[in-house]
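S.K.: The residues making up each chain are set out below.
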Amino acid sequence: MQVNEKEFKPTIVAFCCNWCSYAGADLAGTNRLNYPADVKIIRVPCSCRVNPMFILRAFQRGADGVIMCGCHPGDCHYTTGNYYARRRMTLLFSMLDYLGIERERTRVEWVSAAEGAKFAATMNEFVETVTKLGENKRLEDLRCKEK
Amino acid sequence: MQGKMIARAKELLQNGTVNRVIGWKAGDFAYDITPAVFNSAEELDAGFVYNDFCGANFSKYLVKESRKEGKILVFLKPCDTYSFNQLTKEHRIIRDNIYVVGVPCDGKTDGETLKLKGITGITGIKTEGDSFVVDTLYGEKTIAKADALPERCLSCKSKKHVAYDELLGEDGEVCESNRFDMVEKLEAMSSEERFNFWRGELSRCIRCNACRNVCPACTCERCVFDNDNSGIAQKAAADSFEENMFHIIRAFHVAGRCTDCGECSRVCPQNIPLHLLNRKFIKDINEFYGEFQAGEDTETRAPLNIFDTEDVEPSVVYEKGGN
Amino acid sequence: MSKVTKEQVLRSSGVNVLKCMRCGKCSATCPSYDEMEYHPHQFVYMVEKGDLEPLLNSDSIYKCLSCYACVERCPRGVEPAKVVEGIRNAVLRQSGMNHIKAENIPEMLDEDLPQQAIVSAFRKYKR
Amino acid sequence: MQRIGVFVCWCGSNIAATVDVEAVSEALKSEPGVVFSTNYQYMCSEAGQNMIKDAIKEHNLTGVVICSCSPRMHEATFRKTVQGAGLNPYMVEIANIREQCSWIHKDKQTGTEKAIILGKAAIAKVHLNAPLTAGESPVVKRALVIGGGIAGIQTALDIAEAGFDVDIVETKPTIGGKMTQIDKTFPTLDCAACILTPKMVDCAQNEKIHIYSYSEVTAVKGFVGNFTVSIKKKARYVDTTKCTGCGVCTEKCPVKNVPNEFNLGMNNRRAIYIPFAQAVPKVATIDADYCNMLKNGKCGVCSKVCTAGAIDYKQQDEIIEERYGAIVAATGFNPIKLDNFDEFAYSQSKDVITSLEFERLTNAAGPTSGQLLRPSDGKHPHTIVFVQCVGSRDTSGCGKPYCSKICCMYTAKHAMLTREKYPDTDVYVFYIDVRTPGKNFDEFYRRAVEDYNVHYIKGMVGKVAPRADGTLDVQASDLISNEQLHISADLVVLAAAIEPDKSARPLATMLTASMDTNDFFTEAHAKLRPVESPTAGVFLSGTCQGPKDIPETVSQASAAAAKVIGLLCKDKLTCNPCVAHSDEMLCNGCSSCEKVCPYGAITYSDKEFRMPDRTTAIRRVAAVNEAVCQGCGACTVACPSGAMDLKGFSNKQIMAEVDAICK
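So the protein sequences, as listed, match chains A, B, C and D.
Per our numbering, the first sequence starts with residue 1, numbered consecutively.
Per our numbering, the second sequence starts with residue 1, numbered consecutively.
Per our numbering, the third sequence starts with residue 1, numbered consecutively.
Per our numbering, the fourth sequence starts with residue 1, numbered consecutively.
Heads up, some of the hints might be wrong.
As the list claims (entries may be wrong) - Computed beta-carbon distance windows for the label pairs:
#1 D/527 <-> C/121: 55 to 63 Å
#2 B/184 <-> D/401: 42 to 50 Å
#3 B/312 <-> D/401: 25 to 33 Å
#4 D/106 <-> C/117: 51 to 59 Å
Quick caveat, the hints were computed from the structure, so don't treat them as lab data.
The beta-carbon is built from N, C-alpha and C at its ideal position, and this holds for glycine as well.
With the hints as constraints, model all of the structure from the sequences given.
M.R.: Printed below as a string of structure tokens:
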């Protein structure tokens, strides 16, 4: 197989809630489960701390994909946080899709503290998806740049 | 109607129910009508108008006005009352300091639209059946309402007042509206087509902030875009991305609170169909979480401040098909 | 005759024999038990061990009624009947021509006969 | 500008093998604000910690970034370290370069590059950190035990023993739970009632223990040390303070056809009943579904015969609110429903019974007064077949994937007792595996085989078919002799799997405690914190955490009690300082934050403000109760104006991390 010299490496931001998903990511590490280094995790107390602004900001600064992970619905450490997060993200992602932004660049996944394997598998799959999409240009180009 | 309204306003001023009136005032031209506060019967006689150009939604003005000394009289059209309720629910207006008189509305046009239809030299307007009869320097012109009304009136969601202290004229009903047709059309497009559509629209934005300033849901003490500490402040956009962010964040901030009054699109000097962003959220909320009309009452929780354990997963966005 | 491998049987049957916990409920529920030289649980176990020859040469593969009682009752979802079917298929594939021919099918069709039966007949009534 | 020190840990070779630690500390040296950067073999060691302390003093550091293992591992350690050097503990940020970097990447260059970015993000965040002070919250010195079975009873007794008040909430009219229905206990064959009922009486008599029987928890608010719990006392239509438990009403009541749940419906009770003779509290309860008086106002016999005047047909459900420092879940188990196992003919034949029904049939207080009789014709069964693992270890979806743990032992007990009492009975036990890990357990099972001649057959029953002559045809496999057996049995006993009580799932939601896929409560740590839930202040006792026998349940119950006592001994708990706070100048007063707060930590009030134009204005603004706020951040996103922010995870801090990562 020919190795592409300028292989595209996406920038992926993963927001993980402290109690489930961040612990799940730790477990993936403890079990030495590989996933691409393109994923960088930001720890938040709960998925409900994730402001849509953060996601747009990440895209603005060059992220190619943003994924948010939280406790499974019903298991939120703060009882209800992920239920609000679920509504917020559903609407935000739907809006981005509506604006013509590739919907595969955004994702929500519920990962428990015991699901290290799921975390790694999710990240592998997400990176693969985003890599196929290539660089994130549309959100930036939504307005024509003045020539 | 105008006469009735002035007469009632005078009575309420006279008997001390209110000490001032917010209403529409004639400008230099017949069609450039502006909101104004009237303090006396004389001022009402001199400038108060109510006609088919009186489109402005007064609800937002009450955020400041209701915090002033004394009670204020406000005339609200049916769609304005939804914004009014929403602001009451969010404690943004002090209900006790306001006296609401509901007035009927059959759709409001504006000078720009008429001019585009070739009607110039406008000196007055009146409704006759399904048409506007426009007085011009060149004589009377008749135009069908269907041709002269903005989108928001053509797809009117309700002619029913949801908040008032008294009504002048008959109250209407909630309408069967086709207001989501365009959203559906966009949804049916491919991702590429949607992108091109919005690129065409949003590219015209000059960031004048008119949409934000007129929006009855945008009443923050200080907007995040003006707040240096918010981390996303932008007085003048540094890059094109910020413009996109502005519209997405603004739509998100009013999601579940926007009553679909259409003021944003009405005031946009670049004619960007901003209401299509808000309506997308409204449509999604209706589909995902059940029918919800912001401002319908002052009790129901906003859809983003409540949840159901069986809510749809965000993956619904990918699973709906298309691309 | 080329050698039938365990992998072949596992692939064609789609069964993961390692899920078996050796409870024997398949054989306990089997209506053809007494007819069979090897019983459903033995099929699963012997395939796991790779001990295929006795099964391939046994009449048991034709004694299985494919009633799927074992599949229905297995607490681990192992699906023993499919293992039996896998072995049977391996034998049939190797034995070449079928006794009935495709061109004869139309005249055999009749409303009361399920088409499934014809398909199985292809497998069972070899020359 | 902060003066930041960066400390890169090798973690022996755990990090150093796939991350060039030297390169990382070197690269981070040139980040803005970094005045010191180094690396060391084990930062968490005493030498490593001293290195950090020395550097703080020597370089006047105002912020510290440690690139090491997960913050979940050593964040607390390093916070203490910097505090020891006079720095605010919240001026530390950890870059996780072990679990989320060195351990998942094999290529050193990749690992090093990622570690540098993670370090940069932590530096960007620490620039915006502010010193935080943790508040304190008081501990309510009272515990709540939910469930009054042997687990709940033991936990409550132990907590009371330590001198703390404890309440038991039990949904049934009496405490005691499943153990009251059991005849004898393995492996000693003590009579269950003889060892349980004294404990029930102890509960009733202990002045530190209050029993809410026939009650359920309907809402839980608050947090560790300070829960507010709503308890619904269901109307039993009997004044418990007046009822003497004489039982006259239960004999005179004309409604005689109510299935007796204590005997699993194998006999009947009256509409007013006391579940069994040793019930605690020993008071009557009216079953509103059957009582004629409550249904159509015609009867009133119990009221007439009650000399104590305890009957009160007008009684209503009552909701009381009580405050607790700790909550113990002890909701227990139930045998599964056997609807999915029709092959065993449970629904077709009365002579196919569950093991718990068998317990009642052999219990002296049971429907047959302890005579083992067939439910169908009341005759002695001469051939009994026990079927193990009915619904246990079942991954087909019909049953439960786990081993129910107790069935092997109780079946050995049943088989043995049957053979002892009725030596003319043939007893067969069909097993997949016999699992007897436990003190004197295997010896017990071997006694059944060797001394009592119980026929243990390796294999499963495939089908039970009722025959016309009243016997049951049991078709099973004997895997050892490789034959299919047909046994003509008089009685078939199914060892049904056990599952958590249905009340556990809604309770877990109320408690914000997590559950596994089988609805067992999850422990904080499977090995090291087995009796604590991950939710602070919530503890686990008995089978709600997983299948257990009685000795195990009791030891776990006592362990949970010890944990509760440890908590209640404290006068104050240190709060999490990473809480929400509202910028009053930005607050719209819209109440969005208040609506999404799960703890009710946000309140609104009208306050007078000096406005920029020198006027004063009264505005409605939000305030956060820092002792109640748990720092989830739901409010920060609900707030449209950005007035609400979270300390330690502020909008700006998170965006700084985003920026550093995406650069």
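S.K.: Checked against the structure, which of the hints given earlier come out wrong?
M.R.: No numbers; nothing is violated.
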